[in-house]
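Trainee: One-letter residues, chain by chain:
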Amino acid sequence: MSAIVGAIAERGLARLADFVFTQALAGAERAPLVAQVREMEAAGKGPDEITDTMQSGRKQSEVDAQKKVDAAPG
Amino acid sequence: MKRILAVIALAALMGGCAVVQGLTQPLHGDKAVTTEAPAVRAARVAIDEANAYLTALNKVIGDNAATGVWTKEQAQVYLDESKAYGKRVDNARELLRGGLLTDAQSQAEVVKALILTLHKRVAEAARKEK
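Protein chains in written order, with my numbering: chain V, 582 to 655; chain C, 36 to 165.
Keep in mind that a hint or two might mislead.
Unchecked claim - Computed spacing ranges between beta-carbons, pair by pair:
no., chain 1, residue 1, chain 2, residue 2, range
1, C, K163, V, A652, 28 to 34 Å
2, V, P613, C, T152, 22 to 28 Å
3, C, A119, V, K648, 17 to 23 Å
To be verified - To spell it out: a stretch of chain C is covered by chain V in this simulated footprint if at least three of its residues, at any positions, have a beta carbon under 8 Å from a beta carbon of chain V; those stretches are:
no., stretch
4, 108-115
5, 135-148
None of these hints come from the bench; they were simulated from the model. Please read these numbers as outputs of a predicted model, since none were measured by experiment. All C-beta atoms, glycine included, are put in the ideal place defined by N, C-alpha and C.
The following block holds chain V by itself, in its conformation from the complex (with noise of 0.2 Å):
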């Protein structure tokens, strides 16, 4: 019984340590994008451009990560 109720309450914290290990990341890598934009908007930038800015930025992240796979040990 206590065995069923310790697995039931491992697995729980499983899932918590996924919930908080996945707002850790993506707090943490999202809020520099928060910043960036905010200075944008500050600066009286427009949607478009913004918009823009955020697609490329998107597409660098993609690059940079590709060559990052490409070096890592098989």
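Got chain V sorted already, so can you dock chain C onto it with the hints?
Mentor: Structure of chain C alone, referenced to chain V:
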């Protein structure tokens, strides 16, 4: 059990203020130039948010590959999925340019939900490998 608690504690510490800043704040602030119609604005915000989530995800994928958390093959699978979502976001942008606002927004929202699911899978995989 102890390992899981340690991961939670580590993730909470790692995230800290960045989580609060990165996740609780919308991408766009109140200083935005808001001459756009609400429907255009809603579609654009969804597209920008999707691009931001993908950029963050690609950084995590690249770093996990570079630091050896994943093998090259594992990282490539996630990166390919991320790139496919990126193409769908580009498609939503084209719909926005073409004036198909509802389609653009709904497409961006669907992709955003898929990206967040991928975020969760990436985090789960990284936790298991650490």
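Trainee: Go through the numbered hints given earlier and state which of them the structure violates, listing their numbers in rising order.
Mentor: 1, 5
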